[in-house]
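Here our numbering is used: the first residue of the sequence shown is 4, the next is one more, and so on.
No lab work stands behind these hints: they were computed from the structure.
One or more of the hints may lead you astray.
Calculated pairs, DMTMM-like style, for lysine to aspartate or glutamate (alpha carbon to alpha carbon, straight line, at most 20 Å) [unchecked claim]:
hint	residue 1	residue 2
1	K342	D411
2	K390	E163
3	K37	D69
4	K342	D311
5	K37	E121
The following label-pair restraints were derived from C-beta to C-beta distances [unchecked claim]:
hint	residue 1	residue 2	range
6	R36	Q410	13 to 21 Å
7	E387	E149	23 to 31 Å
8	E387	V414	32 to 40 Å
9	D417	A71	18 to 26 Å
10	A233	G281	23 to 31 Å
11	D411	W456	49 to 57 Å
Because the structure is a prediction, the values reported are computed rather than measured.
By construction, the Cβ of each residue, glycine as well, lies at the ideal position given by its N, Cα and C atoms.
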Amino acid sequence: MTRTFDVDHVVLDIEGTTSATGFVVGELYPYARKRFGRLLTERAAEPEVRRAVGQIREMLDEPAADAARMERALGAWLDEDRKATPLKTLQGIVWAEGFASGELVSHFYPDVLPRLREWHAAGVRLHVYSSGSVAAQRAWFGHSPEGDLRPLAGEFYDTENAGPKLVAASYEAITADLGAAPGRVLFLSDRPGELDAARAAGWRTAGVRRPGEPYYESGVGHHPEVASFAELEIRTGGGARTPAGAGTAAPPDVPAVGADEVRRAGARLAAEAARFAGFGWMRGTSGNLSVVLARDPLRLAVTASGRDKGELTEDDVVLVDGRGAAVEGAAGTSAGAGKPSAEAGLHARVVRLTGAGAVVHVHTVAAVAMGRRRPGGIVFRDLEMLKGLGLPAEGTAVRLPVVANSQDMDVLGDRLEEAREPRMPAVVVAGHGLYVWGANLLQARHHAEVVQWLLELEVASGRG
């Protein structure tokens with residue numbers, strides 16, 4: 004039986020939905036299990052591993068747990084198929100390296116990839132929400148039997164950046180990050196509890212019920228049921244269909260991003276800009292914010308140039324391409340009759356370089372002052388606030404790069420790329436301001452607030 008949905012976004016679960024749980028349990032779990040001990044003993048100082056170690060000890064209520072004890076705990080959690088965040092983090096590290104080396108290749112059911120390609124070609128936005136870490140998800144899609152599938156997917160969400168999958172608030176957070184109307188999002192999963200949580204958040208749902216999967220006998224409750232992706236038909240963009248076997252791309256003159264989506268992004272950017280303007284970080288008409296709306300081809304919504312950032316509306320936004328140029332004739336370019344600043348090109352460069360989903364550019368006194376004091380970069384260490392950047396509070400040092408300013412965004416982008424510190428999602432542009440980025444607009448805001456706090460501390464200390 005074919006199930007038809009009129010939506011703009013499809014969010015995918017992986018295990019039991021796009022891919023066989025048996026492959027994960029039978030291939031990936033043993034691969035990770037063999038490597039946990041070495042990871043814990045030889046790489047404990049790495050930020051992600053160190054954070055996972057702290058989480059394991061906290062979950063065990065054993066602050067002094069050694070590597071052997073933690074390895075046993077991880078093995079037990081694997082046996083229980085427990086969705087523990089540190090377990091998923093360490094699995095993600097091991098699997099990503101296994102995929103990159105060619106030792107691992109992911110699995111997709113035969114009905115999945117043809118449909119994903121058809122939906123993507125028809126303009127449907129595809130995303131992933133899995134209990135596996137974002138790193139593992141990207142590796143999974145990046146090393147499939149048919150090559151790199153990451154261009155098909157827009158956003159990747161896990162239990163850290165979105166929240167637990169059985170809680171409606173997690174789906175509400177994803178809705179906000181996508182800038183979507185809840186009823187325009189379809190969630191595909193094999194777990195009834197996840198489908199219930201998504202529906203409670205206002206999403207459309209469909210249960211994928213495949214023989215042999217762990218939740219097959221549980222059914223899908225009151226949700227529409229399909230046995231494969233071939234039974235799904237998606238209508239999007241005012242009723243356009245993507246029937247099975249269609250496989251045709253949208254005409255090149257059809258915008259990949261609609262006007263409503265651009266304005267929803269504009270409303271979110273306006274709210275964030277008002278927040279930063281209230282801090283005094285965007286005085287006059289300075290600064291700009293952006294959020295990614297599509298990645299293939301790259302499209303960003305950027306705050307319009309020359310506008311008071313404390314008084315923006317949803318129309319004070321411009322849709323730009325991967326070079327930062329306004330997308331001519333596309334939805335959103337006429338909103339507010341605005342134009343992007345030249346700095347939009349640097350926003351796009353940061354996104355291409357880091358994979359970020361949002362970029363914040365503010366003009367703070369602390370950033371300019373510390374850029375003058377420390378032209379070689381500002382080093383932070385042993386500060387609790389470093390946790391806000393995903394780093395341990397003790398035993399590590401991280402450098403915030405400082406690069407020379409330029410009015411040529413290609414030159415400035417080259418300087419940023421050369422100086423970038425992978426663990427620090429920010430850079431100071433000397434005599435100018437601060438660029439910060441994150442996986443989504445909320446994370447970019449939090450990163451900006453943390454980095455600014457660190458800079459203000461350095462200014463207050465008088466060091467340098």
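Against the structure, the hints:
Restraint check: the Cα-Cα separation between K342 and D411 comes to about 18 Å, which is no more than 20 Å; the hinted pair holds. Distance check on the hinted pair: K390 and E163 sit about 14 Å apart at the alpha-carbon level, within 20 Å; holds. Between K37 and D69, the direct Cα distance comes to roughly 17 Å. Compliance with the 20 Å bound is thereby established for this hinted pair. Straight-line distance between C-alpha atoms of K342 and D311 comes to about 14 Å, which keeps the hinted pair within the 20 Å bound.
Note on K37 and E121: the hinted pairing is violated, with a Cα-Cα distance of about 38 Å set against a maximum of 20 Å. A beta carbon spacing of about 54 Å between R36 and Q410 contradicts the range 13 to 21 Å that was offered as a hint. Roughly 45 Å separates the CB atoms of E387 and E149, a value that falls outside the hinted 23 to 31 Å. In this structure, E387 and V414 meet the distance hint of 32 to 40 Å, their C-beta atoms being roughly 37 Å apart.
For D417 and A71, the hinted distance range of 18 to 26 Å is not satisfied, since their beta carbons lie about 47 Å from each other. Between A233 and G281 the CB atoms are about 51 Å apart, so this pair departs from the stated range of 23 to 31 Å. The hint said 49 to 57 Å for the Cβ distance between D411 and W456, and at roughly 31 Å that hint is violated.
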